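Enquirer: One letter stands for each residue in the lines below.
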Amino acid sequence: MGEFAYVAPSNVADAVGVLHDHANSGRRAQVLAGGTDLLVQLRGLDKAPRTIVDVKKIAETNRLDIGSDGIYIGAAIPSAVLNENQELKSLLPGLIEAADLIGSTQIQGRASLGGNLCNSSPAADTIPAMIADRGVCVIVGSGGEREVPVEAFCTGVGTNVMTGDEFLLGLKFPRPPANTGDAYLRFIPRTEMDIAVAGAGVSVTLDGSGTCTAARVGIGAVAPTPLLVPEAAAALVGTAVDDEALAAAGAACSAAASPITDKRGTVEYRRKVVAVLCRRAGAIARDRALAA
Amino acid sequence: MSKMHIRTTINGDQVDFLGSPQQSLLDALRDEVGKLGTKEGCGTGDCGACSVIVDGRLVCSCLMLAAEAEGAEITTIEGIAEGDGLHPIQQKFLEHAALQCGVCTPGFIVAAKALLDRNPNPDERTIRYWLAGNLCRCTGYDKIVRAVQDAAQELAHEA
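Each protein sequence line maps, in turn, to chains Z and L.
Under this note's numbering, the first residue of the first sequence is numbered 2, with each subsequent residue one higher.
Under this note's numbering, the first residue of the second sequence is numbered 6, with each subsequent residue one higher.
Please keep in mind that the hints were generated in silico from the structure rather than gathered at the bench.
Heads up, some of the hints might be wrong.
Stated by the list, open to error - Chain L is faced by these chain Z residues, among others (derived, beta-carbon under 8 angstroms): (1) L40; (2) R51; (3) Q87; (4) K90; (5) G110; (6) D288.
It should be emphasised that the depicted structure is a prediction, and the values quoted were computed from it without experimental measurement.
Using N, Cα and C, we set each Cβ at its ideal position, and we do this for glycine too.
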């Protein structure tokens, strides 16, 4: 690995202070959560010196609150911890399934929602699921705290809205209303532990008659950033989330996608598959809403 | 760069060591603490050869900085057996010939221990998914899975 220093501040003010000093003096600092992406990058070609700022000792990055209004998930909580929380799993099963798709048991022991988001890969599995679940990023810096919807967080491949001295504290989600279900599906050519060729997260809320009153659709790996697709959600609202509505939502996802051709799939293939994933995830979300 | 004083508990013993900020937990275990049982395979978290248990979680020690282990309780392959005898998982790996070159074996045994600590009676599917982050390029996985199943049975009889 390249040359770097390591600091582990125990509170937000100290962490912001370190990041601020670095930003002001033109030195490089990188925030460390679970490290499953960052440590691999540190072994890569970029050996430039930097300071690693481990934010795992800060209470706010480890806090998990499930309240009557909302849910707060600290940015550095490992997936394995989230997956063992039965209440969270029953409230946001699609999000937890998305987190559970990433990596092996060993990776699950370290990898976090916050890290997946801040790594800002277009193919990150949890981001479309967080978008579907109306996730909001809680970001802190020398200017104080600010909140950014997950769909507005990533600005390009590997880039996001956070500036020099900011870091992600956690993620907020509204507590899902009654008769709400979510789901996330991705396509990979193997059975597990691979990077998404395409992914889709769907959340639907139904009324007593089974008619959809609210929906959100997020898609991944089919554009430079994960996307919210309002047109797909609009195709579901007012319907029973039947095959016809799901097909329309899928078509909206294909239309919103601007994928590339690479070793994982072609433009045409990704456009087609993202529609299929939206339909299937939508049907699972609907069935969960009916059962909720 | 200056060394950092890192305090840990390894296999039940308090172990303090000096590590550099750039050192992975894997490198520190091998080079500073002298625990050579933990192996480096890929160094990128793909193969699981360096698996250790940190504060009850199975992790790749190549994907942790040594500095992150400050205050942590770590179990390595050296801490699996009790006394001079083999742990039942180790014994079953021998009986089932679930290893050839042995580089992946410490990681598999630590991962299997973490599984059986949590779930004493896993089905085959659970074992295969749990161990999917441990790669073996010699034996194939059937003997390994059978060894873990057999160890689970043995541990259940002991209990």
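Enquirer: Take the hints in turn and mark each one as holding or not.
Expert: Against the structure, the hints come out as follows:
no., hint, verdict
1, L40, "holds, 5 angstroms"
2, R51, "violated, 11 angstroms"
3, Q87, "violated, 15 angstroms"
4, K90, "violated, 16 angstroms"
5, G110, "holds, 4 angstroms"
6, D288, "violated, 23 angstroms"
Violated hints for the displayed structure, listed by number in ascending order: 2, 3, 4, 6.
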